[in-house]
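Undergrad: If you read the sequences in order, they're chains A and B. Per the UniProt record's numbering, the first sequence starts with residue 1, numbered consecutively. Per the UniProt record's numbering, the second sequence starts with residue 1, numbered consecutively.
Any given hint could turn out to be false.
Copies of one chain are not kept apart here, so a pair can be met inside one copy or by any two copies together.
As the list claims (entries may be wrong) - List of simulated lysine to any residue pairs, SDA-like, C-alpha gap at most 25 Å: (1) Lys-223 <-> Leu-362; (2) Lys-59 <-> Met-1; (3) Lys-163 <-> Leu-338; (4) Lys-344 <-> Ile-42; (5) Lys-126 <-> Lys-223; (6) Lys-344 <-> Met-282; (7) Lys-344 <-> Asp-38; (8) Lys-328 <-> Pro-32; (9) Lys-344 <-> Leu-37; (10) Lys-328 <-> Leu-37; (11) Lys-287 <-> Gln-27; (12) Lys-138 <-> Thr-4; (13) Lys-223 <-> Pro-84; (14) Lys-223 <-> Arg-101; (15) Lys-59 <-> Ala-366; (16) Lys-59 <-> Leu-26; (17) Lys-287 <-> Leu-371; (18) Lys-223 <-> Gly-108; (19) Lys-138 <-> Pro-225; (20) Lys-87 <-> Gly-108; (21) Lys-87 <-> Pro-225; (22) Lys-344 <-> Val-288; (23) Lys-328 <-> Tyr-248; (24) Lys-132 <-> Pro-84; (25) Lys-223 <-> Leu-290; (26) Lys-223 <-> Glu-110; (27) Lys-138 <-> Gly-108; (28) Lys-126 <-> Arg-164; (29) Lys-328 <-> Thr-4; (30) Lys-223 <-> Glu-102.
Just so you know, the hints here were simulated from the structure itself, not pulled from any lab data. A quick note: this is a predicted structure, and the numbers were derived from the prediction, not measured.
Number of protein chains: 2
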Amino acid sequence: MAITSFLPPRRILMGPGPSDISPQVLQALSRPTVGHLDPLFITMMDEVKSLLQYAFQTKNSFTIALSAPGSAGMEACFVNLVEPGDKVIVCRNGVFGERMRENVLRCGGEVVVVDDEWGAPVSVDKVEQTLKAHPDAKALAFVHAETSTGALSDAQALGALAKRFGMLSIVDAVTSLGGVPLLVDEWQLDAVYSGSQKCLSCVPGLSPLTFSDAAIAKISSRKTPIQSWFLDQTLVLAYWSGEGRRSYHHTAPVNSLYALHESLLMLQQEGLENAWERHQTMHQKLKVGLENLGFEFVVDEAYRLPQLNAVYLPQGVNDGAVRQHLLKTYNLEIGAGLGGLAGKAWRIGLMGYAAREENVALCLSALEASLNTSK
Amino acid sequence: MAITSFLPPRRILMGPGPSDISPQVLQALSRPTVGHLDPLFITMMDEVKSLLQYAFQTKNSFTIALSAPGSAGMEACFVNLVEPGDKVIVCRNGVFGERMRENVLRCGGEVVVVDDEWGAPVSVDKVEQTLKAHPDAKALAFVHAETSTGALSDAQALGALAKRFGMLSIVDAVTSLGGVPLLVDEWQLDAVYSGSQKCLSCVPGLSPLTFSDAAIAKISSRKTPIQSWFLDQTLVLAYWSGEGRRSYHHTAPVNSLYALHESLLMLQQEGLENAWERHQTMHQKLKVGLENLGFEFVVDEAYRLPQLNAVYLPQGVNDGAVRQHLLKTYNLEIGAGLGGLAGKAWRIGLMGYAAREENVALCLSALEASLNTSK
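Please put together the full structure from these sequences, using the hints given.
TA: And the structure:
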């Protein structure tokens, strides 16, 4: 059959990302492409940097949007900051902690894992004991907001521990940035990466990234070359530095950066604190509704992410059939369980532009109807 | 000053990429985002694969669009196909051959360089002598169309040489795909990568990539792990395989893939041969006009790329001033010289949607006026 233009329906995206995107951001995305060395584009890149500094709450001069998805942002942190033989403490309480561990190994680093249950936050006590036992470790890596479970860890306490033991912290903020408090400078975090398609509600494909001066110092004093050319941030730095002429490293994803600029601008206009509060308010409404429908949360209330609600499937409910019904009947996407929670839980996202009254109302009403259908 | 929405002008992009993008592709780009595991999106990805197979002229089942720019596509080839200690012959006749060399080194490979002058094609004779002298080499890497100079190398002859000596070929087709003949299967090329923002006239940020069965066999029989997690194609394969359920690797850049789908569809509708002919026809018109203005080409006519016209600056012309004038007065972007040609040459692109009568006419007329201004 002949291929024709792809005309997607208007889905309501309440999974673990990509999240709903505002019409304003999609409009920015399709503005005319300019060259990646165009003076106007470079001015826009400076604004993206400044808006990212606001979103991350940092003054780090190395604050960029990497030209690839969040998983490349994760890898950028490890390949730049970990040298062969470096010992890294990795906290693992879900899929993305395990991915961090794999990254360290692929850089030739030595990993010490601190394990916590899926659905639990990283145990600050366990991490402290581990740091005491491994004072020679170079970095502490953890996930702020575990997208696979919806658990929030105490990035402030973990960042302080890393500093106390003279280690760098490497922080996955893919799902946290813009959805819950994240104060990079105040919490003394060293390397923090995120994704464009979660609480920033931009198109997928970019990874906001910030390095502290301590992280930059580590990169500058490396004894071994960085194994990736594409992710070598010493090469990218020249393009983003804003000091005179930009040198060419790779062709920036111009249009995606238009969209990021717009979504960060919307965040700034709303105000970070207001955005955090909106996520919390919508979460509370969704929570009450889900509990009324008999759902139980995977994560204890004290550590629960407002923007990612992981709930166990009620007994006898057919996972795939219900999600397919939601998609076909309501154009509503919710997320399946990942890893150990596959088939056992759903992940309902309230990320960025998706955290709105109409989405909560639709989701509860559609879920209720679909559960009844599937019984 | 407060940051506001970025409203770029409508530039005419006749540099080395990104190239002009058709309104149809920009429209596709901004269609509503769906989830990257949505059944409709997966069907579209199958179509992207099929359209890429057409563009590459290959039946390779591993034919994908990598979620990052062409330089990541280059790195994906090297990290997957080169193991520490592997000897690789790298042909260097411009910026991108040098980048290939750096990639091999960062993978722990051993490099043998075959050097040719900037502006010259890769010498098939020299490569043959080198392969004879290094029969233990595992791969031959070369750039089909050098974006830094506008020189076209004989990928067919080089591919045949690699096969004769039992080596894999790794081919940079960033600027060639869609602009000049590239017959991956007929020429027996093993690993070929390109970029979305050149002759495909899609937004920058994606890298079309195809691996032959021989390349896949090499990956499958590796003795050492692949150093990159993000670029490990054994992990990505599962998402693109089309065999039943897609497994999650990373979040695909959904909207950019809409745009690629549309631009590949336009290429298919025009027909590859017609697209090659259009590039050639427009190049001939531009060439006559440039020569009338007194320009000399960097590359001999026999090896000249129609889609990238590198010409020496006429004596006494101010490089930056003229390009700035073209941009400010006509919204016309042409490319500066790169590397050894910086300040000495311009690169005028006629890539994809930019290869149109109106662009050629505007470029010649605007150049003539601007040169007069600068004298």
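Undergrad: Please go over all the hints and tell whether each is borne out by the structure.
TA: Hints and how they fare:
1. Lys-223 <-> Leu-362: The answer is neither: 55 Å in one copy and 52 Å across copies each exceed 25 Å.
2. Lys-59 <-> Met-1: Cα proximity of Lys-59 and Met-1: across copies only (18 Å, versus 54 Å in one copy).
3. Lys-163 <-> Leu-338: neither (32 Å within a copy, 43 Å between copies)
4. Lys-344 <-> Ile-42: between (47 Å within a copy, 24 Å between copies)
5. Lys-126 <-> Lys-223: neither (31 Å within a copy, 36 Å between copies)
6. Lys-344 <-> Met-282: within (24 Å within a copy, 59 Å between copies)
7. Lys-344 <-> Asp-38: Classified as between; 20 Å across copies, 50 Å inside a copy.
8. Lys-328 <-> Pro-32: between (34 Å within a copy, 16 Å between copies)
9. Lys-344 <-> Leu-37: So Lys-344 and Leu-37 pass the 25 Å test across copies only (18 Å; inside, 49 Å).
10. Lys-328 <-> Leu-37: Intra 44 Å, inter 14 Å, cutoff 25 Å: inter-copy only.
11. Lys-287 <-> Gln-27: neither (32 Å within a copy, 38 Å between copies)
12. Lys-138 <-> Thr-4: neither (53 Å within a copy, 41 Å between copies)
13. Lys-223 <-> Pro-84: both (10 Å within a copy, 19 Å between copies)
14. Lys-223 <-> Arg-101: both (22 Å within a copy, 21 Å between copies)
15. Lys-59 <-> Ala-366: The answer is neither: 44 Å in one copy and 43 Å across copies each exceed 25 Å.
16. Lys-59 <-> Leu-26: neither (29 Å within a copy, 35 Å between copies)
17. Lys-287 <-> Leu-371: within (17 Å within a copy, 67 Å between copies)
18. Lys-223 <-> Gly-108: both (14 Å within a copy, 16 Å between copies)
19. Lys-138 <-> Pro-225: For Lys-138 and Pro-225, both the intra-copy (17 Å) and inter-copy (23 Å) Cα distances are at most 25 Å.
20. Lys-87 <-> Gly-108: both (9 Å within a copy, 22 Å between copies)
21. Lys-87 <-> Pro-225: So Lys-87 and Pro-225 pass the 25 Å test inside a copy (17 Å) and across (19 Å) alike.
22. Lys-344 <-> Val-288: within (21 Å within a copy, 68 Å between copies)
23. Lys-328 <-> Tyr-248: between (46 Å within a copy, 21 Å between copies)
24. Lys-132 <-> Pro-84: within (22 Å within a copy, 36 Å between copies)
25. Lys-223 <-> Leu-290: Neither: 53 Å inside a chain and 50 Å across chains, both beyond 25 Å.
26. Lys-223 <-> Glu-110: both (17 Å within a copy, 20 Å between copies)
27. Lys-138 <-> Gly-108: both (13 Å within a copy, 24 Å between copies)
28. Lys-126 <-> Arg-164: within (15 Å within a copy, 59 Å between copies)
29. Lys-328 <-> Thr-4: within (21 Å within a copy, 38 Å between copies)
30. Lys-223 <-> Glu-102: Both. Shortest intra-copy (22 Å) and inter-copy (17 Å) distances satisfy the 25 Å Cα cut-off.
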